[in-house]
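What follows is each chain in one-letter form.
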Amino acid sequence: MEFLVASAIAVMTAAGVYLLLRLRTFPVVLGLGLLTYAVNVFLFATGRLVVHAPAVIGAAGGTYADPLPQALVLTAIVISFGMTAVIVVMALRAWFECGSDQIDLHEGGDAPLRERE
Amino acid sequence: MSLALIVMLPFLGAVLPALMIRAGRNACAIATGSVTLLAFALLLTHVPAVLRGEVIQAGWTWLPGLGLNVNFFLDGLGLLFAGLILGIGLLIIAYARFYLAKEDPMGTFYTFLLLFQGAMVGIVLSDNILLLLIFWELTSLSSFLLIGYWRHLPEGRQGARMALAVTGAGGLAMIAGMLMLGGIVGSYDLTVILRERELIQASPLYLPALVLILVGCFAKSAQFPFHFWLPHAMAAPTPVSAYLHSATMVKAGIFLMARMWPVLAGTEAWFYLVATTGLVTMVLGAGIALFKDDLKGLLAFSTVSHLGLVTLLLGFGTPMAAVVAVFHIINHASFKAALFMCAGIVDHEAGTRDVRRLGGLAALMPITATLVTVGAASMAGVPLLNGFLSKEMMLEEAVHTTWAGQGWIVPLAVTAGAAFSVAYSFRYIVHVFFGRRRDDYPRTPHDPPAGMWLPPAVLIVPVVAIGLFPETFAGDLVRASAAAVTGGVLPEFQLALWHGFTVALALSVIALAGGFALLARYRAVRRLWQAGPHPEAKAMFEAVLAATVAASRRVMHGLHNGSLGRYLAVTLVAALALGLAAFQAGGHEAGLRDSLPAPAAAVVAWLLLVGACGLAVVLHRQRVLALLAAGVVGLIVSVGFVYLSAPDLALTQISVEVATVILILLALYFLPKESPRESGRGRKLRDAALAVGAGLGMGGLAWAAMTRDAATLSGYYLDNAVSGGGGTNVVNVILVDFRGFDTFGEIIVLGVAALAIYALLDGAVRGAVGRKLAAWTPDEPHSADRHPMIMVVATRVMLPLALMVGAYIFLRGHNQPGGGFIAGLVVAIALIMQYMASGFGWAAQRMRVDYHAMIGAGVLIAAATGIAAMVMGYPFLTSAFDHFHLPLIGEFELASALAFDVGVFLTVVGAVMLALANLSRLGRKTGVAPVNEAPMDVDPLARRQAAARPAASGASARHDQPAPAPTAAREG
Numbered sequence: 007m008e009f010l011v012a013s014a015i016a017v018m019t020a021a022g023v024y025l026l027l028r029l030r031t032f033p034v035v036l037g038l039g040l041l042t043y044a045v046n047v048f049l050f051a052t053g054r055l056v057v058h059a060p061a062v063i064g065a066a067g068g069t070y071a072d073p074l075p076q077a078l079v080l081t082a083i084v085i086s087f088g089m090t091a092v093i094v095v096m097a098l099r100a101w102f103e104c105g106s107d108q109i110d111l112h113e114g115g116d117a118p119l120r121e122r123e
Numbered sequence: 027m028s029l030a031l032i033v034m035l036p037f038l039g040a041v042l043p044a045l046m047i048r049a050g051r052n053a054c055a056i057a058t059g060s061v062t063l064l065a066f067a068l069l070l071t072h073v074p075a076v077l078r079g080e081v082i083q084a085g086w087t088w089l090p091g092l093g094l095n096v097n098f099f100l101d102g103l104g105l106l107f108a109g110l111i112l113g114i115g116l117l118i119i120a121y122a123r124f125y126l127a128k129e130d131p132m133g134t135f136y137t138f139l140l141l142f143q144g145a146m147v148g149i150v151l152s153d154n155i156l157l158l159l160i161f162w163e164l165t166s167l168s169s170f171l172l173i174g175y176w177r178h179l180p181e182g183r184q185g186a187r188m189a190l191a192v193t194g195a196g197g198l199a200m201i202a203g204m205l206m207l208g209g210i211v212g213s214y215d216l217t218v219i220l221r222e223r224e225l226i227q228a229s230p231l232y233l234p235a236l237v238l239i240l241v242g243c244f245a246k247s248a249q250f251p252f253h254f255w256l257p258h259a260m261a262a263p264t265p266v267s268a269y270l271h272s273a274t275m276v277k278a279g280i281f282l283m284a285r286m287w288p289v290l291a292g293t294e295a296w297f298y299l300v301a302t303t304g305l306v307t308m309v310l311g312a313g314i315a316l317f318k319d320d321l322k323g324l325l326a327f328s329t330v331s332h333l334g335l336v337t338l339l340l341g342f343g344t345p346m347a348a349v350v351a352v353f354h355i356i357n358h359a360s361f362k363a364a365l366f367m368c369a370g371i372v373d374h375e376a377g378t379r380d381v382r383r384l385g386g387l388a389a390l391m392p393i394t395a396t397l398v399t400v401g402a403a404s405m406a407g408v409p410l411l412n413g414f415l416s417k418e419m420m421l422e423e424a425v426h427t428t429w430a431g432q433g434w435i436v437p438l439a440v441t442a443g444a445a446f447s448v449a450y451s452f453r454y455i456v457h458v459f460f461g462r463r464r465d466d467y468p469r470t471p472h473d474p475p476a477g478m479w480l481p482p483a484v485l486i487v488p489v490v491a492i493g494l495f496p497e498t499f500a501g502d503l504v505r506a507s508a509a510a511v512t513g514g515v516l517p518e519f520q521l522a523l524w525h526g527f528t529v530a531l532a533l534s535v536i537a538l539a540g541g542f543a544l545l546a547r548y549r550a551v552r553r554l555w556q557a558g559p560h561p562e563a564k565a566m567f568e569a570v571l572a573a574t575v576a577a578s579r580r581v582m583h584g585l586h587n588g589s590l591g592r593y594l595a596v597t598l599v600a601a602l603a604l605g606l607a608a609f610q611a612g613g614h615e616a617g618l619r620d621s622l623p624a625p626a627a628a629v630v631a632w633l634l635l636v637g638a639c640g641l642a643v644v645l646h647r648q649r650v651l652a653l654l655a656a657g658v659v660g661l662i663v664s665v666g667f668v669y670l671s672a673p674d675l676a677l678t679q680i681s682v683e684v685a686t687v688i689l690i691l692l693a694l695y696f697l698p699k700e701s702p703r704e705s706g707r708g709r710k711l712r713d714a715a716l717a718v719g720a721g722l723g724m725g726g727l728a729w730a731a732m733t734r735d736a737a738t739l740s741g742y743y744l745d746n747a748v749s750g751g752g753g754t755n756v757v758n759v760i761l762v763d764f765r766g767f768d769t770f771g772e773i774i775v776l777g778v779a780a781l782a783i784y785a786l787l788d789g790a791v792r793g794a795v796g797r798k799l800a801a802w803t804p805d806e807p808h809s810a811d812r813h814p815m816i817m818v819v820a821t822r823v824m825l826p827l828a829l830m831v832g833a834y835i836f837l838r839g840h841n842q843p844g845g846g847f848i849a850g851l852v853v854a855i856a857l858i859m860q861y862m863a864s865g866f867g868w869a870a871q872r873m874r875v876d877y878h879a880m881i882g883a884g885v886l887i888a889a890a891t892g893i894a895a896m897v898m899g900y901p902f903l904t905s906a907f908d909h910f911h912l913p914l915i916g917e918f919e920l921a922s923a924l925a926f927d928v929g930v931f932l933t934v935v936g937a938v939m940l941a942l943a944n945l946s947r948l949g950r951k952t953g954v955a956p957v958n959e960a961p962m963d964v965d966p967l968a969r970r971q972a973a974a975r976p977a978a979s980g981a982s983a984r985h986d987q988p989a990p991a992p993t994a995a996r997e998g
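Residue numbers (our numbering), protein chains in the order written: chain A, 7 to 123; chain B, 27 to 998.
To be clear, the hints were calculated from the coordinates, so they are not data collected in a lab. Be aware that a few hints might be false.
If you only want the chain B side, here are some residues facing chain A, beta carbon under 10 angstroms, derived [unchecked claim]:
#1 Asp-674
#2 Ala-685
#3 Ala-717
#4 Thr-733
#5 Arg-734
#6 Ala-937
Where a beta carbon is used, it is the ideal one built from N, C-alpha and C, also for glycine.
Construct all of the structure, not just a fragment, from the sequences and the given hints.
In structure tokens, the structure reads:
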């Protein structure tokens, strides 16, 4: 089981990173989403894997899954939803503004700040 | 406590001038003056105790872990400087009232001045070197504002920038030096540090700390080679020059050298660094001052020279030299501030302060001429005035000093400096006030109103009084502050006018004669000077600055060229390199923890996940398919959470998944549906290599972690969840109770994200973008029926059920999987389904809730729960719970954490709805008319008739609905 989880993390990370390095906003958003899954699962896995022992007192015998990583990951999921929403909307607004969804500025697109004096 | 008040008063009072300026310039000046007067009066109440030799302390601990305490202490040295700062400050405030022109914003000026004053008083009264450093930086910042006060003058702005760059850089060096000093002693309290002379001087860090602190002091006090900023700071209004650049800020470096004298002085390194710098500065400054035509430039270099003199005396390292240094600080502050103010008067009344255009003013401005004559004579060291006394005592000390084994160097140099000093002082008197009267002054000169000449006159009083009766007027103060400098040991001395025929007297006479000779042959001397080289400090400074800016710009543009892809690649490569380095440094043995068996279902799920990831990568150019593949990954992750004992995570993940997919689909309505083929083979290979590296690293790390046992904090939470938090679902108890403060922060972040989305989208429907949006046409065919009937009916039937599920999940959350986050997501999805099925207008008309207010209410409720605990006397967000019995329902439990969870719930619903509803609103702003106006208003008869009609004019064939008067308006 541990191997399955670890390799799933590896595959999700690799897919996420590859998409993150594409040149358009949409794959970057998707890649970030996949990377989020990977990181969340990774954080969750640091609590070690336990089956049939949710951290609800009295539900199972004496052993419980580690609740702390779960609490951290729960908020991480919600926050990453917020983050995804912000970047999706930023991508949308950028598309409206300049009619392009490229993530890189064009040549000469970032003229150096002119000397202020 | 009143000590802290003395420091605080100018800061607190700094708002007054900005407010009082509405009541007029006099009211503004009086308000400012009363603040300073009050602080000065408070200081005076401590004078008797300090003169008796007591040290007054006050303060409180601030950040004890860092050794940062708000401690103040007042001894003789602090009293002297605080008195100078507040006393001269009072005179400057009066003077500035008459100096500033009508169009100068006076309120701003006084506010800056009070901020500066507070920072200066803070420096001299601090008993903690970290606190002192804070005030030190504050003086740099506030003096920047004051020097650049006339922001329309380029010289003012450039001078301010130069002063800030030089003193600020010195301040950075000083921070390092002070931290070393604190590290040696183990305390940042000055009173402790000052007792540890042997410890500090024996430390190997003594020399670096000394050099760094001295760099800070020299930069602040305009000592060679940092002296060049002071003349350029003269672009400031004259009250600022008189205050900052004669009496206070430039003396901060001197103050600190005097303050640190007991522990830093007395070594060879101190002598050669400090005394040599002082000597060079003194002679160089005096020499340049003689050839400055701008009166303020002359005074600026004279100040540089006199500060050099004090530095030289402190550098000698003998107690008697320290006494003379303190005495000269008093004398210099009195005559130099008066002379600066008089230069301002000349400038103000004659219209210029260029010596070459002045002369013969004595008859026109008799009062000013008298004040200048006395002040400048004191500066020159003419007997019967205070400048003579300290200068002669300095010569006496110089005579007994050998430099590198040579007894003649120091006396010769100081006598030369003194001669220059005599020459420029009398040049100020003679070339401005005497000689031929001219008829081409820019303005008709006359004496100013009393408000302008009284402040310098007040300062000239001690010049004469101390000059005649030094022991009576200055003896006690000099003894008290010199004792503070030397740490208590003082030699026997008498301040007296006549010391008999000594070598010092002879040198004084030589200096006077030499000075007069120089002035008499001024033209010849000046030609000689002009033949020599004149390195222009400003040009050099600007060149260094430009080179630094160009270099950092090259670096910045190399790294930051606008390519997000490159930043991401660089970040990833750096992370991989760090990970690889850490991996190679650690051990590589396999973990020994037993693995769980993998059932067949898990293998199937794994295959699905890997396949979906692969599809997302391969199909990423077809965006809808890629999104579906990513959604599959999310679903399998939530199934995995269920299996691995994390029901809360599974619920959260699955509801977030739904919300995310809806969100991205809404965005994809506008975005292109396909990505073009852009990356070449090389780029793909590079990215694949990075991806594989990152995947191997993460997977390997996860594998290593999961196959090892680890200690965890969670035992505490498991043990105390029921007894301390009143809930059996430990994850939820951690969220709303143990780590409630984190959750509180996170709902705020979520709310802020939703507001950012609102701002981004709201801006998109206006202006140029709004017009683009209105002209937008969809790139995909539309369905003929915008509100499919089955979906409308299903979502409406489902709504009460979904809300019930939300309420259930919310209520059971404390004891069973569930809680505010999950309930909020479920309810938000149920609501957004109504928008999707029945249209924005229909839903918005019925959802009469302001989502902004909902986010705000959520955060406020969560905060109120926390504050309620504080009201009860517990720390923020301490929860309380109790069991109640209700008939029929039975035993149940109510926890205050439930109220907190209500806040979480409301924020989540508000945030998700604000984001999604505004995204779906965009569609209505496009030029595309709706297929049908209201939900469920498809009229087959009307459609048939429309189809039968020949090519409809105007409206396009796709939205030709003559729908029978819909009840719902287009937008609520």
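How the hints compare with the structure:
Hint on Asp-674/B holds. Least Cβ distance to chain A is approximately 6 angstroms, under the 10 angstroms limit. Among the interface hints, the one on Ala-685/B holds; its C-beta lies about 6 angstroms from the nearest C-beta in chain A, closer than the 10 angstroms criterion. Using the Cβ-Cβ criterion of 10 angstroms, the hint placing Ala-717/B at the interface with chain A is satisfied: the shortest such distance is roughly 4 angstroms. At its closest, the beta carbon of Thr-733/B sits 6 angstroms from a beta carbon of chain A; the interface hint therefore holds under the 10 angstroms criterion.
Hint on Arg-734/B holds. Least Cβ distance to chain A is approximately 9 angstroms, under the 10 angstroms limit. The beta carbon of Ala-937/B comes within 7 angstroms of a beta carbon in chain A, closer than 10 angstroms, and the hint placing it at the interface holds.
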